[in-house]
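Heads up: the sequence lines are chains C and G, in that order.
Our numbering applies: residue 167 is where the first sequence begins, and numbers increase by one.
Our numbering applies: residue 46 is where the second sequence begins, and numbers increase by one.
Any given hint might turn out to be false.
[As the list claims (entries may be wrong)] Derived BS3-like pairs: lysine-lysine, alpha-carbon spacing no greater than 27 Å straight-line:
#1 C:K247 <-> C:K209
#2 G:K292 <-> C:K289
#3 C:K300 <-> C:K289
#4 C:K408 <-> C:K180
#5 C:K289 <-> G:K291
#6 C:K209 <-> C:K180
Hint data in this document are derived by calculation from the structure and do not stem from the laboratory.
For clarity, every value in this text was computed on a predicted model and none was experimentally measured.
This is what each chain is made of:
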Amino acid sequence: MTDTIADHAASDLKAGESLVEMEGVGKAYGAIRALEGVNLTVKAGEVTCVLGDNGAGKSTLIKIISGLHPHSEGTLKVDGKERHFSSPREALDTGIATVYQDLAVVGLMEVWRNFFLGSEIRKGRYPLAPLDIKAMRQIADTELQKMGITVKDINQPIGTLSGGQRQCVAIARAVYFGARVLILDEPTAALGVKQSGVVLKYTAAARDAGLGVVFITHNPHHAYMVGDHFIILKLGRRVLDKKRSEVGLEELTAEMAGGQELAELSHELKR
Amino acid sequence: MSSSVATQQPAQSSSPPTPAAAGRPQKSLFARVLARPEVGALAAAIVIFAFFYAVAPTFRSLPAASTYLYASSTIGIVAVGVALLMIGGEFDLSSGVAVTTAALTAAMSCYQLSLNVWVGVVVSLVVALAIGFVNGYLVVRTGIPSFLVTLSTFFVLQGLNLGVTKLITGAVATPNVSGLDGFASARAVFASDIDLGIITLKITVLWWLAFVAVGTWVLLRTRVGNWIFASGGNEASARAVGVPVKKVKIGLFMAVGFLAWFLGMHLLMNFSSVQAGIGVGNEFVYIIAAVVGGALLTGGYGSAVGSALGAVIFGMTTQGIVFAGWDPNWFKTFLGAMLLMAVMVNLYIKNYAAQRK
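Required output: the full structure, derived from the provided sequences and hints.
The structure is reproduced here in structure tokens:
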């Protein structure tokens, strides 16, 4: 599985190379500051985990990197060049692909149509050129099988697949279309233990293939299984930023759960 | 991005042996046919056809077929666009009066200025596309549900149709345009009778079939079609993979505008004059035809062929009641029952198909 995903990943990636660098990035929605002063570096061949409770600014952070909302402060550099994305298409064109938790795919559409959505193969370049349906079916089918995802029928609506499989198809799609940076938004949040395992294995495979992965989650156990670098956000600010060698699962869990606040709370509630 | 596809050759040598793709169980033809959105409407259309065939002897003749096909075509032409729009996740409540607006614009612009009918036809096309554009632009720009935006357009157009017509002509109908230059050729295009030997059809029937064919082809065989399904099925996810959802939706509203224009031209050329108050209520007929044809009210699912079957059900029912010699006052009641039945058959077949995985 690891070998085959590497075959399809963009070939110019060097492990450890910085792909995305954010410095002092912030975002204000009117008077509300959803995010401020966040520094984050995504390196090739590493998984950067962004942890945080609800409302911590995780979603705002991904929206900035993936081009859904432009940032209002700080700088965002992709491959050393400063960028200010105004649409997801622009982010995709620089190799940043995002897989969202609940909206990764269009449930009623066939697996192969989902695989090629937004990057369809056509038989010509003129408007309304017909789709090359045969080629798309065949490529989607062989790619998914090679990447270790077995679907019963490539023509079935993707909504009939399990949640884990759907996430995997979305990740496979991003990798196939030459993603260099993969942003996974809570990929395991709605999944059972076994399904989560499938997605985590697949995340590790993408990392080993040299992609820069941003893994967003509120589950420190899942994060610690695949992460190389951990960032915890709280109320839009960064409260922890450590490498894997500097932090243990316990510290991560404690910090995630509120750390100091939790200690105070348990003191107050002591019986 | 699509250019990167060609450069990525499947690496056969390094990959481990994969399970053979051909070894996968293919769904049977029967199961695949049942999974199509228009199957329920087809079943309902057959039942309704058989029903009137049995109770009304005059319904069995070819001229009768020509009559109900014509009635179906006047619904079906706009319903194709409405079905595409609904698959794209939006509603258009202004389509019924937009037909009238298009006809009035064409009639009055060429009559008042004593121009060739074709000038009016072109002016009207521009106006109809503009109505569609405004609807679409307001929906994607403001995020207000299209139900409300087009309801407003519906009232605005309804008022304009009556107000402007009264202002210009002093009456509630347009003057007769049959004496103007170009009327004969315009009538040939929009409202002539085509003799096919065994049956004489109104040309709108052929146009309708052409629009259904184009709609089906766009939906299933082009990139735009993929984008329409995705925009209606899951807008956020479509946007995230780079689908220009806003452009798709504006385009769909404009397609409805185009088809409303086409029907408006037919009405004008067929009757030479247009009443300013007509068209109200037809927007629901188009929507119902699309829904009976399998389009989901929530978007992301449906077909152009389905909308045609929905229109045929409508056309057969309206004309069938007349052929059966029943009191037409019962028409709406009968229609309501028919629709409920069609939708239920639809649902039943869809559930049945979903179980056969």
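Results for each hint:
no.	hint	verdict
1	C:K247 <-> C:K209	holds, 15 Å
2	G:K292 <-> C:K289	holds, 22 Å
3	C:K300 <-> C:K289	holds, 11 Å
4	C:K408 <-> C:K180	holds, 22 Å
5	C:K289 <-> G:K291	holds, 25 Å
6	C:K209 <-> C:K180	holds, 9 Å
Checked against the numbered hints listed earlier, the structure breaks none of them; every hint is satisfied.
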